[in-house]
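There are 2 protein chains.
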Amino acid sequence: MPTSKENMYGDHISHQFNDDLSSLKNDFLKMGGLVEQQTTDAVNALIDGDGHAADEIRARDKVVDRMEMDLDEEATRLIARRQPAARDLRFVISVIKMVADLERVGDEAKKIAKFALTLAEEGQAPRGYVEVRHIANHVTAMLHDALDAFSRLDAEQALRIMKEDKRVDEEYQAAARTLLTFMMEDTRNISRCMAVMWVLRALERVGDHACNIAENVIYMVEGEDVRHTPVEEAEKVVGR
Amino acid sequence: MPTSKENMYGDHISHQFNDDLSSLKNDFLKMGGLVEQQTTDAVNALIDGDGHAADEIRARDKVVDRMEMDLDEEATRLIARRQPAARDLRFVISVIKMVADLERVGDEAKKIAKFALTLAEEGQAPRGYVEVRHIANHVTAMLHDALDAFSRLDAEQALRIMKEDKRVDEEYQAAARTLLTFMMEDTRNISRCMAVMWVLRALERVGDHACNIAENVIYMVEGEDVRHTPVEEAEKVVGR
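Heads up: the protein sequence lines correspond to chains S and B, in order. Count along the first sequence starting at 1, add 28, and that's the number in the working numbering. Count along the second sequence starting at 1, add 28, and that's the number in the working numbering.
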């Protein structure tokens with residue numbers, strides 16, 4: 029496997045150690061794939077007004093929860109047995125932190141599904157679907173790219189995701205303002221517009237979690253914590 | 029120190045190891061005290077319409093962020109140097125996870141301060157302050173008790189906090205419905221009522237984080253992950 033930057037577990041004496049790290053990574057990516065799917069499905073259920081699909085998504089959140097607990101246990105056991113150091117330890121600790129992010133993405137998907145169900149029953153909201161679709165596309169792409177950056181330990185890609193997060197925040201603010209206007213125009217819109225507002229908020233949070241994952245990737249690769257660092261500073265860390 | 033349930037680091041051969049664990053614990057509690065204060069201050073700034081106080085809270089969030097990074101580094105270094113096992117490892121891993129919760133509580137306080145600033149400028153919201161005060165008292169008490177349960181490794185107290193979380197959710201739902209009614213009565217209320225709505229949401233999240241900390245305390249003490257367990261099941265784990 030090419031360079032130490034691209035792979036952190038190619039050179040251990042113990043094959044078992046390599047296998048453990050590699051299976052932790054794969055299990056994490058599996059969980060990532062599931063919550064990505066859950067988010068996309070929840071948004072589709074909302075836009076299609078499909079209450080049945082929404083129900084299924086909510087039920088499937090139990091699988092996400094199970095994966096979180098299993099991954100945490102797997103990571104803790106790996107530390108206890110293999111006593112990883114340096115990069116490997118950073119890798120395992122980061123996985124533990126990112127697992128919490130994935131679980132929360134799962135929760136946001138479940139929330140969106142809940143509002144999809146409400147709107148399927150009460151009737152569609154008068155507006156806001158274009159904004160939901162737009163932000164959903166943006167944040168699910170970010171999440172996908174963050175998982176990909178993790179998979180390839182690609183700090184440059186992670187940095188690009190950090191930059192996207194600001195744009196999502198702006199899109200969210202603009203969409204929230206638009207919805208507020210609809211609510212003021214006609215009080216009959218308020219309840220259903222509020223549902224869409226919470227969905228937008230949930231999506232914005234998905235973007236935040238994708239960004240957290242990206243920051244962890246940079247930490248794993250570069251050994252520097254860029255969580256509360258302005259993007260320009262993070263750029264210097266990655267560009268070194 | 030009394031029994032192994034009450035203290036997990038009284039019997040190490042290495043004094044240095046004990047000191048490391050104990051300083052990790054103290055630093056965590058210090059961060060906990062700060063975010064608890066930030067939450068209380070933010071709610072007071074909101075209710076008093078004190079924009080200056082709100083500004084200070086927002087600035088102080090940088091200290092919270094710094095503490096998060098320092099604690100993560102301290103915990104990672106402890107694992108690398110001391111290679112803790114069993115209960116000690118659970119303790120350190122739990123601290124890493126709970127630190128993320130504390131940082132998010134800090135973020136929620138910062139959000140509340142932001143809305144305090146908006147309302148200080150735009151004029152108070154017409155209603156909702158009673159609800160804010162009520163839920164704020166509830167969740168800051170939960171957070172305080174969760175930190176206390178951690179400090180004393182008290183699983184019974186942690187269990188009580190898990191039970192409170194459901195009540196907070198109900199209070200939040202009721203308050204949100206009340207606000208929605210105000211919004212429908214007069215569209216001039218919408219914008220400021222929305223600000224209060226976001227504050228209520230932020231407080232509800234603080235309750236969730238207190239609950240996460242409580243679940244981690246049970247994991248540390250009992251060695252069982254009760255995060256996605258109904259309270260009745262968690263009760264059996266603690267009561268054994």
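Hints in this document: simulated from the structure, not taken from any laboratory. Be a bit skeptical, because a hint or two may be false.
Identical chains share a label here; the pair holds if one copy fits it or two copies do between them.
[Stated by the list, open to error] Derived lysine to any residue pairs resembling SDA-like cross-links, with alpha carbons at most 20 Å apart: (1) Lys-125 - Arg-233; (2) Lys-90 - Glu-260; (3) Lys-90 - His-256; (4) Lys-125 - Arg-161; (5) Lys-90 - Val-259; (6) Lys-191 - Thr-68; (7) Lys-58 - Arg-88; (8) Lys-191 - Glu-252; (9) Lys-125 - Glu-101; (10) Lys-139 - Arg-195; (11) Lys-142 - Asp-197; (12) Lys-139 - Thr-257; (13) Lys-194 - Asp-93; (14) Lys-125 - His-43; (15) Lys-142 - Lys-194; (16) Lys-264 - Arg-88; (17) Lys-142 - Ala-169; (18) Lys-125 - Asp-98; (19) Lys-90 - Glu-213; (20) Lys-264 - Asp-55; (21) Lys-125 - Arg-255.
Here is how each hint holds up against the structure:
1. Lys-125 - Arg-233: both (16 Å within a copy, 18 Å between copies)
2. Lys-90 - Glu-260: Between copies only: 18 Å across, 39 Å inside.
3. Lys-90 - His-256: Only across copies: Lys-90 and His-256 sit 8 Å apart there, 32 Å inside one copy, limit 20 Å.
4. Lys-125 - Arg-161: neither (29 Å within a copy, 32 Å between copies)
5. Lys-90 - Val-259: The answer is between: 16 Å across copies meets 20 Å, while 35 Å in one copy does not.
6. Lys-191 - Thr-68: neither (22 Å within a copy, 32 Å between copies)
7. Lys-58 - Arg-88: Classified as within: same-chain Cα gap 14 Å, cross-chain 38 Å, threshold 20 Å.
8. Lys-191 - Glu-252: within (17 Å within a copy, 39 Å between copies)
9. Lys-125 - Glu-101: For Lys-125 and Glu-101, the Cα distance is within 20 Å both inside one copy (13 Å) and across copies (13 Å).
10. Lys-139 - Arg-195: Between copies only: 19 Å across chains, 23 Å inside a chain, cut-off 20 Å.
11. Lys-142 - Asp-197: between (23 Å within a copy, 15 Å between copies)
12. Lys-139 - Thr-257: between (30 Å within a copy, 19 Å between copies)
13. Lys-194 - Asp-93: between (29 Å within a copy, 19 Å between copies)
14. Lys-125 - His-43: Neither. Shortest intra-copy (25 Å) and inter-copy (29 Å) distances fail the 20 Å Cα cut-off.
15. Lys-142 - Lys-194: Intra 27 Å, inter 18 Å, cutoff 20 Å: inter-copy only.
16. Lys-264 - Arg-88: Close neither inside one copy (41 Å) nor across copies (26 Å); limit 20 Å.
17. Lys-142 - Ala-169: For Lys-142 and Ala-169, neither the intra-copy (22 Å) nor the inter-copy (29 Å) Cα distance is at most 20 Å.
18. Lys-125 - Asp-98: both (14 Å within a copy, 15 Å between copies)
19. Lys-90 - Glu-213: Classified as neither: same-chain Cα gap 40 Å, cross-chain 39 Å, threshold 20 Å.
20. Lys-264 - Asp-55: Neither: 31 Å inside a chain and 30 Å across chains, both beyond 20 Å.
21. Lys-125 - Arg-255: Close inside one copy (12 Å) and across copies (15 Å); limit 20 Å.
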